[in-house]
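Put together the whole structure using the sequences plus the hints.
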Amino acid sequence: MRISRKTLLSLAEADPAPAEPDAPRLVGFDHPYYQQILTVFGQAEGSLRARDLALAMGLPLTPNGIRNVRAKLERLASRAILVETGPGLFTQPHP
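Quick note: the sequence shown, position 73, residue 73 per the UniProt record's numbering, numbers continuous.
Honestly, the hints are just simulated from the structure, not real lab data. Here a beta-carbon is modelled for each residue, glycine too, at the ideal position from N, C-alpha and C. Do not take every clue at face value.
[Claimed, not checked] Quick list of the computed label-pair ranges, beta carbon to beta carbon: (1) P60 x P95: 28 to 36 Å; (2) H94 x M57: 19 to 27 Å; (3) R79 x Q43: 20 to 28 Å.
Printed below as a string of structure tokens:
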């Protein structure tokens with residue numbers, strides 16, 4: 001236990017100030033899947049449904065695949081990254 005504590009203390013002294021990130025990141029949404037969703041919404045004009053998004057991302061249009069996309073869209077909407085404009089319709093919020 002002393003070795004671990006000693007190692008941790010020496011590491012803390014070696015880098016007292018954490019480096020600032022280059023750009024703000026969406027905490028918990030840094031997976032490439034979410035980045036791909038946001039890229040598609042950045043290029044889209046208007047609202048998209050989960051099926052349209054799955055098609056644009058090249059995903060299989062199976063019920064399970066569309067359900068997974070819808071769950072991710074709802075998660076993004078719950079964090080105000082996307083807005084649900086109607087039942088099953090999602091878009092980016094306008095500034």
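Output the numbers, in ascending order, of every earlier hint that fails for this structure. Of the numbered hints, all hold.
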